[in-house]
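Protein chains: 2
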Amino acid sequence: MQANFDFQAWTAARLLTVEQALERWVPAQAPAGLGDAMRYAVLDGGKRLRPLLVLAAREAVAQSVPDAALDEAALRAACAVELIHAYSLVHDDMPCMDNDVLRRGKPTVHVKFGEAAALLAGDALQALAFELLTPDDTSIPVAVQLRLCQRLARASGHAGMAGGQAIDLASVGVALNEAQLRQMHRLKTGALLEGSVLLGADCALQPAAAWPALQTYAQALGIAFQVVDDVLDVVSDAATLGKTVGKDAANDKPTFVSIMGLERSRAYAQELLAQALQALDQSGLTRTAALRALAHMVVNRNN
Amino acid sequence: MQANFDFQAWTAARLLTVEQALERWVPAQAPAGLGDAMRYAVLDGGKRLRPLLVLAAREAVAQSVPDAALDEAALRAACAVELIHAYSLVHDDMPCMDNDVLRRGKPTVHVKFGEAAALLAGDALQALAFELLTPDDTSIPVAVQLRLCQRLARASGHAGMAGGQAIDLASVGVALNEAQLRQMHRLKTGALLEGSVLLGADCALQPAAAWPALQTYAQALGIAFQVVDDVLDVVSDAATLGKTVGKDAANDKPTFVSIMGLERSRAYAQELLAQALQALDQSGLTRTAALRALAHMVVNRNN
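Protein chains in written order, with the numbering used here: chain A, 175 to 477; chain B, 175 to 477.
Please keep in mind that the hints were generated in silico from the structure rather than gathered at the bench. Glycine included, each C-beta is placed from N, C-alpha and C at the ideal position. It is possible that some hints are incorrect.
Stated by the list, open to error - Stretch-level coverage of chain A by chain B, calculated; a stretch enters the list once three of its residues show a Cβ under 8 Å from a Cβ in chain B:
no.	segment
1	198-207
2	322-328
3	336-346
Isolated chain A (complex conformation) (with noise of 0.2 Å):
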């Protein structure tokens, strides 16, 4: 264990490292406006919760020799995974999908700039992702780059986020049970909130032996986090959330909250908390006082 771990400390530096390399790396001299989009769409809001788990994961799993590469690579795995999180926001925004006009307290990407610059700059965001990937830089191992790729394309896709909005579109007035609602998020939110802890223990020399572990953890945390959302959805304002509430009701979607009541969805979520640090505590990892820390915040956070 880490004694006197200050995850304050802990996220204000890791944040700002993050901020910087996309504000690095979103181009804005991406043609006739499309930069503007993207960078718009990604930069200055956030709770960068993705890339935080990314860079905690890869801290639990670092050897004590520090390795430059490999932490480079975190750094690109980080900022790739905000980037799909940040296309599926802006396509998931649009009039055709959830028709939602704030995020984050701003106007959203087709609200600002329009519906055919939101789907375009979604689109390039994508792509990006898998740019910062595979960079020229050949100090970062070819196997580890790789692997990077192909657990972020699994994620999103559609055996994973991808996957999971689809049910979501098709779930709009259905009568789903609790473990159709499990499977849907397990895709739309877990598949990348657990990518993303895997992206992170993938940036090792050797594959870690507390990947299961890790996996563990990350699902427990990737349904914590849509349990959370969902209580929020009902009893939270859209000043603190930062963006339209009520709206699932509103859209006659299913909800934790909806099929399990409110008080067992709040006790659900503090099971899925103890259930993803036992995972820790089983692991045989010494660093993982940031992964708890996340794990805390997600399932007690008020936005």
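Given the coordinates of chain A, work out where chain B should sit on it, guided by the hints.
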């Protein structure tokens, strides 16, 4: 030179392989109808020009010793680039972009499945392209897989196809000159056509010495493709072309024909063909018959 090259037989054999691979790799089982929309967008249609370019370039740079792993890499690259092309068409056809209802003689994806499903299917096809390039197949050299990911991401993103689409979007009703028009198409269509040729050349154990010649070939071909597209948009009919005609003029979009006139555009396409063939002549490569025939096909096609 290859004596007695039978282009028709060459094409038929490769198309069969590509169609079977796409049939296998574009997942029917993706959740909630997502697979149906993805397969509708990709299967049973299209000239497969980009996959043919990948395979022709791979054959041009191949060693005399057969290499099944590199053949597999080329087939994966051929399908991946077609998935990127297919996703771009799905998104391009959407109401917020070109609002097209007819593609390859069939209703477009959003007409058939709805806009939200079309948006998601396009997103999932882009991810699938990178999944195809990163299989759990350890026989393909890791460095080759990584080079393919790197090349495809750049050809698709803000400095490639998506960037060109952004210029296209911004150019409606704007008086572009010939150089600006060429720059737009160098990205919008050219980047992926050029990428196809270079993806094929990447499927080799050593970077191909003929790389610069192949790039010259591919760049000339990319522009020629668009010049011919603009000519066909004016002179063809919907039945031959399989899509709505005269849309560029109706949308007040600049084209090679609107800037150069019809006859100069036709002559320009032939000049570009000559440039492409000359680059192959000077490449030092001996098995270029398929690349030569494909260039002829692009310039002298009628749909």
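Hints versus structure:
no., hint, verdict
1, 198-207, "holds (count 5)"
2, 322-328, "holds (count 5)"
3, 336-346, "holds (count 9)"
Checked against the numbered hints above, the structure violates none of them.
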